[in-house]
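Asker: From first to last, the protein sequence lines are chains A and B. Numbering follows my numbering, with no gaps: position 69 of the first sequence is 69. In short: position in the second sequence from 1, add 1000, done, that's my numbering.
Please keep in mind that the hints were generated in silico from the structure rather than gathered at the bench. Backbone N, C-alpha and C define an ideal beta-carbon position, used for all residues, glycine too. It is possible that part of the hints are untrue.
Partial selection, computed: residues in chain B whose CB lies under 7 Å from chain A [to be verified]:
(1) His-1041
(2) Glu-1068
(3) Ala-1249
(4) Met-1250
(5) Ser-1254
(6) Gln-1402
Here chain B is said to cover these stretches of chain A; the calculated rule only asks that three of the stretch's residues, wherever they fall, bring their Cβ under 8 Å from a Cβ of chain B [to be verified]:
(7) 131-139
(8) 146-158
(9) 190-200
(10) 239-246
SDA-like mimics (lysine to any residue), calculated; alpha carbons at most 25 Å apart, straight line [to be verified]:
(11) Lys-80/A with Ile-167/A
(12) Lys-73/A with Asp-1372/B
(13) Lys-1423/B with Asp-142/A
(14) Lys-152/A with Ile-1395/B
(15) Lys-1312/B with Lys-159/A
(16) Lys-241/A with Gly-1081/B
(17) Lys-1073/B with Ala-127/A
(18) Lys-159/A with Ile-1197/B
(19) Lys-1073/B with Tyr-20/A
(20) Lys-152/A with Phe-1406/B
(21) Lys-1073/B with Lys-159/A
(22) Lys-241/A with Val-1090/B
(23) Lys-1315/B with Gly-1081/B
(24) Lys-1423/B with Gln-47/A
(25) Lys-241/A with Ile-1197/B
(26) Lys-1312/B with Ile-1061/B
(27) Lys-1312/B with Phe-260/A
(28) Lys-241/A with Lys-1073/B
(29) Lys-55/A with Phe-260/A
(30) Lys-1218/B with Asp-1235/B
(31) Lys-55/A with Arg-1179/B
(32) Lys-73/A with Lys-1315/B
(33) Lys-76/A with Gly-1407/B
(34) Lys-241/A with Glu-1297/B
(35) Lys-241/A with Lys-1312/B
(36) Lys-241/A with Ser-112/A
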Amino acid sequence: MKIISRKKGPLINRDHLTAYLFLAPWLIGILFFTLWPFITSFIMSLQETNLFSTKFVGLDNYRALLSDRRFIKSLKVTIKFVVISVPLKLSFALFIAMLLKDKIKGVNFFRSALYLPSLIGTSVAVAAMWTQLFGPSGLINDILGIFGIQGKSWIANPKTALYVLVILVVWQFGSSMVIFLSGLKNIPVSLYEAAEIDGANKIQSFFYVTLPMLSPIILFNLILQTIGSFQTFTQAYIITKGGPINETLFMVLYIYNKAFTASEMGYASALSWVLLFVILIVTGLIYWTSKYWVYYES
Amino acid sequence: MLKKRISFLIIALLILTLSVSVFAQEKIQLRVSWWGSETRHQATLDAIALYEELNPHVDIIPEYSGFEGFRNKLFSQVMAGNAPDIFTTVMEWYPDLRDADAMVDITGMVDVSGHNPMYVEACSLDGKMYGVNLSVNGMVLIQNNTLLEKLGVEPLEAPYTWDEMVAKFQEVYEKSNGRVYGAPDFTANPEGMGFDIFKYYGYSVLGYEDAFPFDNDKFTINKEDIQSFLQFFADMRETNAIAPVDISAMNDFSANSLLIQNLTAYEINYAGTFGRYQDQTTDDLQPLPMPVGPNGESGDLARPGLIFSVSKNSKHVEEAAKFIDWFTNSPEAAKILKTSRGILPTEVQRAAMLEAGSEISAVDEKVMRVMDEILQREFKLAYVGPSGHAEISSIILPEISQMIGFGLMTPEEGAEEIMMEIK
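Could you build the full structure based on these sequences and the hints that come with them?
Answerer: Have a look at this one:
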């Protein structure tokens, strides 16, 4: 085998060309399937469109948003969902990760089994299963019936519908759990030993050793899950269709409705950009607060 | 030597591929799309196979799926200029399809003399025939006889009045000790029949003679009409004649159907969907014509069940029209298609199917019988309605109805809200 020596040469020489060739699928992907739709959607957000014609209207779509009560509702519902589901999901993931971090018998089995719900995560099948579980004559009501509790139609009741979806996403805690697990394993045992010598019990060492040491991982998970949570679609689309009375009309679902049911692409594009800014602001806020609670060892 | 052999091989291959593609070109390809159930898919595929046998120069490429997403797909195809040569549509999509210049005027290209003229008119827009009706259809009240017998409730028999129907719903709830409701709340479901029932209600109860609730351009109703309808449902909710909103909102045409789950004894839908319900249960279901007003007023609309239209981008409009002609007029197609799309559109085909006699299943016979009853009543012309009205039926009515059902609004406020949305 001959080692090819790197020579200084023009910007694009043969080596570079080969590299670009190998990068091409990714480059084409980002240019045509990310950047291009990105730009187009911004242009469309300034237009009034129906299926077959477009008209430039400036910021009218954005102005219309302010008096659109469904948009206000969907913004509220989405934020409520994020605020409830993300902390719950992360706490649950951390709790399970704590249980699974030690070498106990069959730990690998439990880790895989608990990760499974996340693998089949946002699939339509799971959402369909949820409809069956929480429907008027579903399994949940059957179980409640054993204890003599009169169940209800959880999915179509405005007071409970959102929480049915919260339970579903919390149940899909696997990916956060795996990240927590690896984070937990990186905390030096010496710290725990030192705490123990100082007389700390399990709970104290959790709050004074585990949490601070894990805080960068928590931040990472928090941002990831918050962004994901803002973009929840499949579950609501299949299970509640945004109902009852718009109690689960998440932003992305509303965007979908506007774009593909009402064929108002321009308005839907404006909605998408608003969603992007909402996510940007919230993520920025989280990031800004991080300097107060995230501990970096170095 | 080797080189020679290779070049000979290449030339031979070239000739082969060329000739194959020439043969292939001779065959006319027609893409046909439709939605529906397994039964409909199979029947249509069989009919297509027969047509290809009779017309060896035509190669038909079927594109079929469930209803979910069909409209979106069709409009995307239209926008991209690659819609199927023949596609299935309903009259409610006509204005959008016309605006998109998606359909060809096929007046005179398909023989429609065997159709009921009301239906031919409904398939036309601005005097242009943009499609051919594939089935006469009518709304029916589906009744679960097995369940009624278990509950000790006498089944309804046509003709019956609205009051008799409501009383029957209440009786079901009482006799079942509150386990079974009369029917779902049709207005509470985004995919429900609420708005269609409203149309019927206008002619049958409110005494309208023509164009209700809209003609092809504008709404023709007032607040009192809507309020009456909303109040009618509020009253039925009050007495548990219909299932509460939170249960009704879950109702669909398949796994979550309240009728199939025995949570209700009745359901309203089009006759064409009856087989779909019966396929999913061993209970004895029976379709009945809709209720009538005190003086026997009915409100059945000559609304084409399904329409075959020819795409503007089709290169073979003549051939496409020929296929539609065969599909809707020939006895041999009738014998294969049976009731897979509801009741066949032309008299010739209906007669051919009856002749087939023993081949008709019990389900088909029930549907035929109820459609016979409905076809004897006075039909009203169906209107497409002003553009953008779809939101009223699929989003606004269910939303308002749910608010009323959950006690957040009175029927009067609901009617005001809907009138505002209409304006």
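Asker: Just pull the numbers of the violated hints for me, sorted ascending.
Answerer: 1, 2, 5, 9, 12, 13, 15, 16, 18, 19, 21, 30, 31, 32, 34, 35, 36
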